[in-house]
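Let the sequences and hints guide you as you build the complete structure.
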Amino acid sequence: MQFKKPDAKFKAVDILLLFLTALPFLAAIALKVLFMPAGDGMEITGAFIFFTIKLPVMDLPISEAQVNSWAVVVSVLFLCLYLTHGIRARVTTKRQILAEWAVEKLDNLVKENMGDFFMGFAPFVCAILMLSALSSLSSLLGLFAPTSDLNIAAGWALLVFFLITYYKLKGGPLYYIKGFFEPLPVMLPMNILGEVATPVAMTLRHYGNILSGSVISILLAGALQALTKMVLGKLPGFFGEFPFFQIGIPAVLSVYFDLFSGCLQAFIFVMLTMLFVSTSFPADEYWKRMNKKAKKQKLS
Amino acid sequence: MELAIGIMLCGCALGAGIAIGIGALGPGLGEGSAVAKACEAIGRQPESKSDVTSTLILGCALAETTGLYALIIALLLILLAPGRFVDLLVNAVK
Numbered sequence: 006m007q008f009k010k011p012d013a014k015f016k017a018v019d020i021l022l023l024f025l026t027a028l029p030f031l032a033a034i035a036l037k038v039l040f041m042p043a044g045d046g047m048e049i050t051g052a053f054i055f056f057t058i059k060l061p062v063m064d065l066p067i068s069e070a071q072v073n074s075w076a077v078v079v080s081v082l083f084l085c086l087y088l089t090h091g092i093r094a095r096v097t098t099k100r101q102i103l104a105e106w107a108v109e110k111l112d113n114l115v116k117e118n119m120g121d122f123f124m125g126f127a128p129f130v131c132a133i134l135m136l137s138a139l140s141s142l143s144s145l146l147g148l149f150a151p152t153s154d155l156n157i158a159a160g161w162a163l164l165v166f167f168l169i170t171y172y173k174l175k176g177g178p179l180y181y182i183k184g185f186f187e188p189l190p191v192m193l194p195m196n197i198l199g200e201v202a203t204p205v206a207m208t209l210r211h212y213g214n215i216l217s218g219s220v221i222s223i224l225l226a227g228a229l230q231a232l233t234k235m236v237l238g239k240l241p242g243f244f245g246e247f248p249f250f251q252i253g254i255p256a257v258l259s260v261y262f263d264l265f266s267g268c269l270q271a272f273i274f275v276m277l278t279m280l281f282v283s284t285s286f287p288a289d290e291y292w293k294r295m296n297k298k299a300k301k302q303k304l305s
Numbered sequence: 015m016e017l018a019i020g021i022m023l024c025g026c027a028l029g030a031g032i033a034i035g036i037g038a039l040g041p042g043l044g045e046g047s048a049v050a051k052a053c054e055a056i057g058r059q060p061e062s063k064s065d066v067t068s069t070l071i072l073g074c075a076l077a078e079t080t081g082l083y084a085l086i087i088a089l090l091l092i093l094l095a096p097g098r099f100v101d102l103l104v105n106a107v108k
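Note that the protein sequences, when read in sequence, are chains C and S. If you read the first sequence in this note's numbering, its first letter stands for residue 6, the second for the next number, and so on. If you read the second sequence in this note's numbering, its first letter stands for residue 15, the second for the next number, and so on.
The hints are simulated quantities; they were obtained by calculation from the structure and are not laboratory data. Ideal Cβ positions, reconstructed from N, Cα and C, are used throughout, including at glycine. Be aware that a few hints might be false.
[Unchecked claim] To give an idea of the chain S side of the interface with chain C (calculated C-beta under 8 Å), a few residues: (1) Ile71; (2) Leu72; (3) Gly73; (4) Glu78; (5) Thr79; (6) Leu82; (7) Leu85; (8) Ile87.
Spelled out as C-alpha cells, the structure:
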C-alpha cells in the first residue's frame, strides 16, 4: 500500500471544508456580539429573540437558540464532508480511519440495542447524537446552548414520538387501538397519559439537565463575585476590584456541567430513542401480517 | 398592598425551596441505591463492568426525571410566577 501525496487542490479543499466547519460558530458569536444588548452575564434569561416573523395565526419568533441550532446543523454537515473527503475503498487518510471507526461503533450500538430490523436507524441516531452533543458543547464558546431552550429539545422528542407511533402502527391499526385497552379497559386514560408522558419526559430530562448546569454555573459565579467583594473589597485600588475568587473555580464545574453532562445527556437521549422505538415495535404481529399479505398475493 | 405582595413573594420563594428540596430527595435515594447495587454486581462479576455501567447510567437518567420536574417547577416559581401573580393581584385590586 502506498500513500500518495495529496496535491495542492486536495489540500485547498480540505482547508476550505475545515474553515466552513468553524464558520457557523464564528457567525453565531458575531451575531451575539453585534445584536445582543450587553449584559454582565449574571442574569438567568431565556434565549434572546432576534426578530419575529408575522404570520396570520401565530407570530414566529426567531430566537438565539434556533439560530445556534442552525449553526450546529451546518457545522455538522461540513464536518461530515471533511471526514469523507477523498474517501477510497482502500484506506489512504487518517480521517477515513476515524470516520470508519465512528460508523462502525454506531452500527454496533444500534445493532445491540435495536436488532437487525432497525439497522436503517443508524444515520438518524448519529444525527441526533451529533446535534445534541455539539449543541450542548457550543456553550463552551460562550453561545446560548440550543439544548437549554425547551423548544429545541421538544422538537426532537416530538420527532421520536412520531417514530414510536409509526412503529406501533406497523402491527395494524386495530392492534394499536387494542393496546390502549390493556390490561383492562378501565386503564384507557392512564394508557393515553403514558403515551403522552414519553415525549414530555424526554424533553424535560434533556432540557432540565442542561439548564440546571447553566443556572448553577451562573449562581456560582454570582456567589464568587459577592465573596470577592466581601473579602477583598476593603483593599485599596487594584486588589479591591480584581476578581480573585472567580479565576479557575467556575472552570471545574464547567468541566462537569458542560463537557460531561452535555455528552452524557446526548448519549442518554439517543439510548432512550432507540429503546422506545425498538420496544414499541410489535414484531410478532408485524410478521404475522406480512405473512398474511404474502399469502393473499400468492392466491390472487 | 405591599404586605400582600411581600407575602406572595415569600410564598413563591418558600414554594420553590420546598419543591426542589423534596423533589431532590427521591432521585437522590433512588440513584444511590442503584449505584450501590451496581457496585455489588461489578464486585461479583468484574467482567460485566461495561454492561452494568451503561445500564446504570441509563437507569440513573430515568430516575433523575422526577428531580428535574421539581427543578423546573422551582425555576418557574422563582423566575416567572412572582411577576404573573403580582400582575394578577394589581389587576384584582383595581
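Here is how each hint holds up against the structure:
no., hint, verdict
1, Ile71, "holds (7 Å)"
2, Leu72, "holds (6 Å)"
3, Gly73, "violated (10 Å)"
4, Glu78, "holds (7 Å)"
5, Thr79, "holds (5 Å)"
6, Leu82, "holds (3 Å)"
7, Leu85, "holds (6 Å)"
8, Ile87, "violated (10 Å)"
Consistency note: the structure conflicts with the earlier hints numbered 3, 8.
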